[in-house]
Amino acid sequence: MSSVTTVRAGIPGRIILILLMIVTVVPFVSVFITALHPSGTYPSGIALPATPHWENFVQAFQVADMGALLLSSGIIVLAVVPISMLISTMAGFALGHLRPPGSRIAFLAFVLGLTLPLEGIITPLYYQVRSMGLLNTRWAIILPLIGLYMPFAIVWMRAHFIGMPAEITEAARIDGASTWQLFWRVQVPLARPALSSLGILLFLWTWNQFLLAIVLVDDPLKRTMAGALGAFQGQWGTNIPLLCAGALLILTPTLIVYLVFQRAFISALLEGSVKA
Amino acid sequence: MTGIVTTPEVATPPATAAARPERRRSTRRRSGRGALVGWLFLLPATVFYIAFVLWPILSTINYSFYDWNGITPATFVGVQNYVALVTQPELLGSIINAFVLIIFFSLIPTALGLVIAATIRGISGSRLAGIARVVLFLPQIIPLVAAGIIWTWLLSTDGLINQLLRGIGLGGITRAWLGDFTTALPAVGVIGAWVLLGLCTLLLLSGMSKLDPSLSEASRLDGAGAVREFLSITVPLLKAEIGVCITVTVIAALASFDIIYIATQGGPGNSTMVPGLQIFYLAFTQREVGLASALAVALMVLVLAVVLPIQRIFRGNDQ
Amino acid sequence: MEKTRPKRRAAIRVPALAGMALAAVLGLSACAPGGSAAPSQTTATFAGGTPTCGTKPVTMNAYFETGFPLPKALTDEFTKQHPNVTWNIREDQFAVITQNAARTLSDSAPDLMRLPSIADLAKEGLLKNLDGYATAFGWDKWPASQLEQLRVDKSGSRGSGSLYAQGLNFSLTGVFYNKDLAKKAGITGTPTTLAELDADLAKAKAAGITPIAQFNGGATGGLAFPLQQLMAAYGSPTSINDWVFQKSGADIDTATNKQAAAHLEKWVKAGYFASDVNSLDYAGMMSRFIGGKSLFIFDGDWESGNLDKQMAGKAGFFLMPSATAGGKQAAMSAPLTYGIAAGAKHADCAATFLNWVATDKTARSIAVKVGGSHPMGLADAYMPEVDSSTVTGQTLAAGATVSKDNGAMDFIANATNAIYAKSWTPQLQSLVAGRVSSDDLLKSVQSDYLSQIKQ
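Residue numbers (the UniProt record's numbering), protein chains in the order written: chain C, 1 to 276; chain W, 1 to 319; chain G, 1 to 455.
No false leads were mixed into what you were given.
Where chain W lies over chain C, by a calculated footprint (3+ residues, C-beta under 8 Å):
| id | region |
| --- | --- |
| 1 | 16-29 |
| 2 | 113-119 |
| 3 | 123-135 |
| 4 | 220-233 |
| 5 | 254-265 |
In short, the hints are calculated from the structure, not lab data. Glycine included, C-beta positions come from ideal geometry on N, C-alpha and C.
Sequences and hints are given; from them, build the entire structure.
In structure tokens form, the structure reads like this:
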């Protein structure tokens with residue numbers, strides 16, 4: 001593209017881009033300012049309070065029990081993400097590389113699950129988890145989530161393994177490696193980029209999972225972050241400044257992780273199209 | 001619940017496309033022991049998938065033929081729940097609302113995203129664009145519940161939106177946007193559009209950055225207008241990305257739950273009731289598990305029936 | 001102490017996750033759903049004597065409604081008097097409690113829980129039958145009307161049968177007004193007929209004051225308050241109670257109720273309600289009323305203590321006037337309903353607490369001063385002194401009028417579990433938006449009601 005067109009496209013482009021960023025950010029700013037108003041009041045739009053009430057954040061931190069919330073979400077993520085990654089990578093390897101007889105049907109069955117809305121199966125999941133005696137435990141979120149992630153994670157990993165050249169396998173086979181060794185020592189290390197993107201996506205979806213949390217777990221301290229935020233809203237939804245402070249606090253850990261790993265996050269979320 | 005269902009699709013089209021060219025056959029694969037090993041690798045994932053996805057799907061279908069309150073024994077009622085689905089206005093209405101949401105969740109972010117991406121394409125390498133990427137992804141990172149809470153406040157009587165309207169002399173149209181029968185559903189739609197616009201824009205932008213710049217140069221030399229160039233050259237080349245955008249956002253619209261649960265609880269009246277929320281209420285508040293399950297089956301079928309043709313349309317030419 | 005417990009399996013701890021998943025698949029092969037997981041109907045039984053909280057440390061699991069200080073004030077005082085009892089309290093807004101009630105009772109089995117409509121919950125065996133406690137503590141000697149609404153018979157109708165819940169106090173509704181705004185609108189006295197109330201509303205409107213900022217947003221159709229008050233102004237509380245108690249043949253779509261609904265519609269059309277009532281929540285209503293932005297609100301005496309504190313001397317209360325001069329006055333009056341889950345671990349202690357609330361002097365003072373409402377219990381039990389010019393004093397006095405007029409009625413939103421969220425709320429929101437006529441409103445509520453009680 002010539003430099004002339006770049007400049008010409010540049011100015012309206014910059015204006016639009018800045019506008020779009022404002023539209024994205026202003027809601028957060030509005031909520032932040034609201035959070036500084038006296039607890040229990042109904043502030044009006046964006047209007048600075050006479051004195052900022054930082055204590056709302058302290059109060060929200062205490063009533064939401066943020067420390068325990070972080071721990072709970074952390075436990076759930078630590079259980080869901082590694083297990084999902086391991087078993088979906090194994091399955092992706094089987095479907096993309098080993099291809100045992102019948103694997104096409106298995107693949108189709110997983111693809112079918114890609115579009116499944118969780119609401120479609122939430123009712124039986126509730127009764128199933130209840131009959132397993134796991135309601136109100138973190139298992140109630142962990143186990144179904146692993147199952148629900150399988151379609152996406154397997155399709156994702158299968159795509160990676162299909163793209164791997166066959167020579168790698170042949171070389172390993174000649175060295176006398178077993179299938180497990182081939183998988184664990186050779187293929188998994190090579191799959192690191194695909195795996196790290198998958199890990200980021202699964203982390204984010206787990207952290208933000210809402211419906212499973214509100215249906216299967218009553219205690220906010222055993223929920224995911226989004227579920228806990230739902231509980232916070234259910235309890236403090238009528239106290240606008242406190243609600244805003246709590247919502248921001250609950251968002252903060254995600255935002256920090258996002259800003260630290262922004263490049264990885266964005267490329268994970270866009271990866272599909274970037275690869276094409 | 002966009003989380004689980006949406007972004008998967010982002011990744012699949014290129015993946016499957018890439019899968020086609022190489023069909024390597026390893027001789028070892030066909031042997032009995034190889035098959036066993038292959039299935040052993042598949043086993044853990046398959047067990048979880050069957051236990052927590054396929055089995056619940058079958059249970060939903062099974063429940064949908066019963067009248068059950070979740071506690072006392074169920075009675076078989078045949079297709080009665082499905083009849084209720086098409087005869088009870090509030091159930092049918094929730095499905096219609098979900099389709100209206102497609103306009104906001106899907107068409108607006110995709111169309112607007114295309115325009116914005118085309119406008120900022122020239123500066124996609126600049127530092128501003130780098131910052132913009134980070135910012136525009138924010139709504140994708142936060143839980144939808146948070147988006148719901150934030151926007152409920154913005155759209156309230158005393159919220160920012162009304163304040164802005166008054167500021168520009170449109171005080172006459174201010175209202176409680178989420179509490180008004182005519183504006184509640186569009187207002188919920190705006191929340192969804194806000195969440196999804198950044199994702200669509202960046203998806204499309206990354207698609208555009210891969211296009212060969214000489215194509216547009218050539219058309220410009222031919223004297224084609226910018227708009228015509230955009231419609232006749234850029235858009236068709238972005239077919240795959242547009243398909244991804246539409247698929248992701250349509251599923252988000254049809255399966256919406258979190259935002260509406262927080263912002264309106266389906267009200268006022270039933271004007272923002274959607275199938276996802278209706279299932280939740282039916283199953284857990286009214287405890288009409290059979291009816292909830294029939295609606296759930298309808299929702300699952302509906303999503304497939306809408307998404308499959310979209311996939312076909314937008315992927316057809318690539319292969 | 002308790003003999004029966006619902007069938008709840010202890011958490012399964014299978015080390016291998018895959019094994020657990022597989023177990024789920026194999027274990028769930030029954031065809032028709034249902035039946036097995038229901039807790040059995042339980043009646044309190046004791047080894048002998050009156051139940052107590054014992055002397056060992058007990059942590060009570062409780063589920064309360066957010067925004068109302070009374071239960072917390074009572075549990076704090078109870079712990080002061082019984083140091084071995086501590087409380088683990090979860091709170092939610094009432095609409096959320098309504099959504100969660102059945103699941104929470106069956107899955108978490110709280111020892112003490114704020115309850116929405118109890119009929120379905122009792123019928124399904126989720127609530128502890130309190131008859132045994134009633135005998136042990138002598139609750140059966142209280143005025144029968146206090147506990148009537150908390151009884152459910154075998155067919156699931158309320159009003160008679162076994163006792164399934166208790167009250168922390170019993171509340172009363174009517175109209176609160178802002179004295180300054182009334183003066184500004186030129187209103188000189190409290191209305192004694194419905195026509196006078198209409199005139200007051202018109203005066204406020206003419207003076208540029210919002211007559212009524214009633215909550216009606218989200219899942220909470222607060223216009224049910226004025227509607228039911230109007231129903232009682234035109235008709236009798238008895239037929240309304242029959243409907244709420246699911247007596248056979250009960251109908252909400254009666255001639256006098258139609259008049260009431262039409263009257264409410266008239267108020268809507270006249271612009272007597274704030275323009276954004278359909279997005280106004282309860283806390284928003286209170287904030288506006290206390291902030292002097294609304295002349296009237298239709299609400300209950302649970303706010304009396306709060307208003308005496310926040311609007312000292314500036315708020316007043318009157319009972320809804322009748323349509324005819326000198327007619328009887330009625331109010332929604334209901335125990336602040338708390339129950340014990342059928343599977344609660346510390347049911348005895350919870351029942352002991354409920355009895356203490358009604359009998360302990362300090363507890364009764366708290367019920368009045370913090371809760372603003374009349375305590376439960378014997379008619380001649382201790383009552384704290386209350387200044388009759390305060391809102392609390394006015395609502396307590398109103399209670400006497402209502403009981404003289406036999407005007408206590410249960411809330412129309414309590415008729416079935418889903419009637420409030422699925423019928424009253426959307427219908428009343430539609431009425432405000434002019435999308436449904438008052439006649440059609442009652443017709444569709446009645447048809448929803450019939451389909452809901454049929455189950």
